[in-house]
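The listed protein sequences correspond, in order, to chains A and B.
Numbering that gives the first Met the number 0 puts the last residue of the first sequence at 475; the count rises by one with no breaks.
Numbering that gives the first Met the number 0 puts the last residue of the second sequence at 475; the count rises by one with no breaks.
Read the hints as simulated data drawn from the structure, not as lab findings.
Honestly, I wouldn't trust all of these hints.
One copy or two, it doesn't matter: identical chains are merged, so the pair holds either way.
[As the list claims (entries may be wrong)] Distance condition first, Cα-Cα at most 30 Å in a straight line; then the derived DSSO-like pairs of lysine-lysine:
| # | residue 1 | residue 2 |
| --- | --- | --- |
| 1 | Lys128 | Lys39 |
| 2 | Lys264 | Lys366 |
| 3 | Lys423 | Lys26 |
| 4 | Lys128 | Lys366 |
| 5 | Lys37 | Lys377 |
| 6 | Lys408 | Lys290 |
| 7 | Lys155 | Lys28 |
| 8 | Lys258 | Lys39 |
Residues per chain are reported as follows:
There are 2 protein chains.
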Amino acid sequence: MEIASANHEKSGPITRGLAWLEIMLGKFKAKVIEVARKTKTVGQEDPRRIIHSLKVGLAITLVSLFYYFEPLYDGFGVSAMWAVLTVVVVFEFTVGATLGRGLNRGLATLLAGALGFGAHHLASLSGEKGEPILLGLFVFLLAAAVTFVRFFPRMKARYDYGLLIFILTFCLISVSGYRDDEVLDMAQRRLSTILIGSAISVLICIFICPVWAGDNLHNLVANNMEKLGSFLEGFASEYFKKSGNGESKEKKTFLLGYKTVLNSKHSEESLANFARWEPPHGPFRFHHPWKHYQKIGSLSRHCAYRIEAINGYLNSEIQTPPEIRSKIEEGCTKMSTECGKALKELASSIKTMTRPSSAETHIANSKTAAKNLKSLLKTGMWEDIDLLEVIPAATIASLLVDVVTCTEKIAESVDELASLAHFKSMDPIISPEQPKLHQETTQPSSSIDKLHHVITIDGSPPDCPGKEHPLAPMTV
Amino acid sequence: MEIASANHEKSGPITRGLAWLEIMLGKFKAKVIEVARKTKTVGQEDPRRIIHSLKVGLAITLVSLFYYFEPLYDGFGVSAMWAVLTVVVVFEFTVGATLGRGLNRGLATLLAGALGFGAHHLASLSGEKGEPILLGLFVFLLAAAVTFVRFFPRMKARYDYGLLIFILTFCLISVSGYRDDEVLDMAQRRLSTILIGSAISVLICIFICPVWAGDNLHNLVANNMEKLGSFLEGFASEYFKKSGNGESKEKKTFLLGYKTVLNSKHSEESLANFARWEPPHGPFRFHHPWKHYQKIGSLSRHCAYRIEAINGYLNSEIQTPPEIRSKIEEGCTKMSTECGKALKELASSIKTMTRPSSAETHIANSKTAAKNLKSLLKTGMWEDIDLLEVIPAATIASLLVDVVTCTEKIAESVDELASLAHFKSMDPIISPEQPKLHQETTQPSSSIDKLHHVITIDGSPPDCPGKEHPLAPMTV
């Protein structure tokens with residue numbers, strides 16, 4: 000390339016053209032590599048996306064068989080088009096979304112078809128001149144009314160697509176009826192092709208590597224709690240042992256995991272709406288309390304807001320001097336790590352769908368730590384201190400006490416979920432006061448996904464409950 | 000009703016039937032009243048919803064004229080159906096969303112139609128037996144590939160609908176081609192009806208009471224800042240003057256306004272995506288920096304997280320005794336109200352699209368207050384105190400200092416927006432040090448909406464900057 004540009008001035012138009020071509024090819028190559036890299040990332044982030052794409056391709060290819068096979072085509076003719084259209088529009092990533100759209104589309108077509116046929120019949124009674132006017136009026140009124148209904152929050156959440164299809168079908172049937180006298184025949188063919196399209200989508204979606212919205216919601220809520228737990232477990236050592244500043248930056252990635260929790264409301268909401276369309280699957284029965292996950296999610300977010308405020312003090316300008324920090328270190332460390340453990344325990348209890356066994360102990364521990372810290376603050380070893388320097392540490396302590404309250408609420412909410420969803424309970428002989436034993440019961444529980452194992456090993460190593468003891472007899 | 004149930008036992012089946020009917024009618028009536036009430040609420044919340052519904056009705060009625068008028072129908076025939084379908088599917092609440100969908104649909108139909116025709120031609124070369132196989136392969140590959148592309152975050156944000164229509168049209172054209180030899184004719188008719196449908200939707204959407212996504216985003220971001228401002232202005236008096244607990248509950252509604260800010264990310268994102276499709280309108284030119292609103296929104300949310308933590312202390316169990324509270328009262332009140340004023344000023348500066356004039360002063364004031372509070376804390380009038388009791392107040396003070404930092408960042412970001420979007424600047428003669436004069440310049444500025452006036456009067460009364468003086472000479 001360098002040689003090419005050096006010779007640039009001397010060379011003829013052909014050489015220049017070749018150089019230009021080379022540059023363009025280089026750019027094109029870079030672009031292709033970038034797209035390939037992105038494609039790889041998107042696929043690696045969630046390999047189910049690749050499978051989903053292949054499933055969509057399969058469903059559309061299947062439904063286009065209507066065109067290729069004589070006997071099928073003779074039955075439906077051009078209406079076969081509606082089957083293709085339905086598959087493209089109905090096939091979504093999760094089973095719940097696909098089912099929701101399919102049912103919405105099918106039901107709305109049925110109802111609107113019947114109503115449209117009625118409107119067509121009614122209008123045709125009013126003579127040749129009155130018919131288009133009456134039809135126009137019907138269409139206007141229905142379209143305006145149903146469009147308004149789409150603004151109702153409840154309708155929007157579950158039936159938005161159905162309402163859209165309702166308007167569509169009503170207009171098509173009632174208006175086409177003006178020209179085509181075989182409306183009933185047309186409506187019936189349209190309905191059956193739509194039903195076939197929906198059925199193919201739903202079947203492929205359910206029976207080939209299904210992606211359940213319920214599973215996703217279940218895991219999302221549990222993972223979010225785990226992220227909060229990771230922060231809390233890691234926070235204390237990050238804040239109090241700030242010696243090697245160089246390597247701490249690398250470590251910080253796990254401290255930022257909680258950030259995604261802050262904005263998780265929208266995805267939780269839509270997943271809960273989809274999940275309600277889903278049939279029983281895996282460990283989830285009919286009427287699984289999907290709504291309740293939103294409650295837990297909301298409590299987790301409240302905890303995340305406090306953590307966000309705490310995180311601000313990790314890099315605060317005013318640093319509390321080490322001698323003051325060390326006074327509250329034990330209390331804060333205990334609160335933070337115990338809450339973190341409790342949250343992780345609760346998360347894994349959701350994941351394995353077993354009643355949380357040791358979370359109560361951890362919360363009790365963190366509450367004791369909070370109490371001890373309070374009395375430590377009260378005892379007044381605090382003369383001759385610079386209040387300004389104490390404040391950052393005091394704020395963190397105070398926010399951690401809030402986090403303890405949040406964690407307690409989350410635990411209550413998970414307990415509610417456990418009874419609503421009939422979580423399996425652990426062996427009742429083992430009391431929560433025996434951390435060594437409890438550990439053994441948590442480990443071999445029926446783990447529904449591999450993630451759980453990784454977490455149990457990474458997050459709270461088997462000897463963790465034992466490690467608490469050296470801290471316990473101390474003042475905090 | 001009571002009489003009916005009292006006579007229940009003695010009466011015959013007819014009376015019982017009547018009583019049952021009466022109850023059912025009562026229930027039905029209650030249901031109708033509830034739906035009517037909800038309808039009223041939905042309409043009152045945003046009257047533009049009613050207009051939107053009527054607009055949709057009008058657009059569909061207009062497009063169904065294709066069926067009623069002989070000359071129009073002769074041109075398009077059954078394809079007129081696609082125009083109706085397009086209007087129903089494309090017409091969205093905001094201009095940006097409608098334009099985005101219309102353009103996506105039009106362009107995708109054009110491209111996919113051409114590609115589908117090419118595929119059909121290519122397949123037809125391979126003989127009668129090879130054609131369906133080759134077509135099936137094309138459809139499978141394209142559907143799978145495009146479905147995968149829909150997972151790319153950038154594509155999803157702007158072209159999701161276009162990609163869907165791309166698959167749809169490609170399949171319809173290439174597969175229908177197998178049966179219908181007039182594919183080109185069909186594709187052309189489909190394209191033109193879709194263009195007509197899109198054009199009618201877009202025109203009605205733009206020219207009859209348009210709802211601009213850009214306007215909505217602009218106001219959403221400004222209103223969110225205003226809500227934070229309201230909290231901060233009201234917080235200090237709520238926290239420090241907690242005498243009449245009875246009436247404070249009513250007042251608290253304005254203290255909870257900030258809660259909606261916490262979860263505003265999703266709506267800001269989608270509005271920003273829609274706004275980018277919109278042509279210049281009102282005060283917004285081409286390439287208005289819509290992306291920048293998301294940045295301001297994100298900073299506002301960070302401020303809201305701190306406020307959420309502060310709000311937790313309004314009803315905290317541990318109450319700092321009044322004598323300690325009163326020491327920090329002035330500092331905290333000043334920080335809080337000055338930040339509140341700055342945020343409201345910034346919000347109204349966005350609303351009126353004028354450069355913020357006095358926000359800097361307010362922020363400077365709040366920073367001074369923070370500094371003074373810090374030195375007050377340092378001077379050590381704090382012997383013989385119960386640190387535990389101080390902590391809630393200290394935490395609030397500390398979080399308020401964070402809020403000051405957040406507000407400063409928001410102000411910087413609004414300044415950036417002001418230069419990016421060429422906000423009008425105020426009369427440069429009036430320096431920000433003259434609050435009395437500044438007030439007069441803010442008032443008559445070209446207010447683009449009535450809300451601004453209400454806010455200026457309600458939120459920061461004209462004599463407000465004067466009111467600061469009594470506080471200024473004090474220690475804080």
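Checking against the hints above, which ones are violated? Numbers 1, 3, 4 and 5 - these are the hints that the structure violates, sorted from lowest upward.
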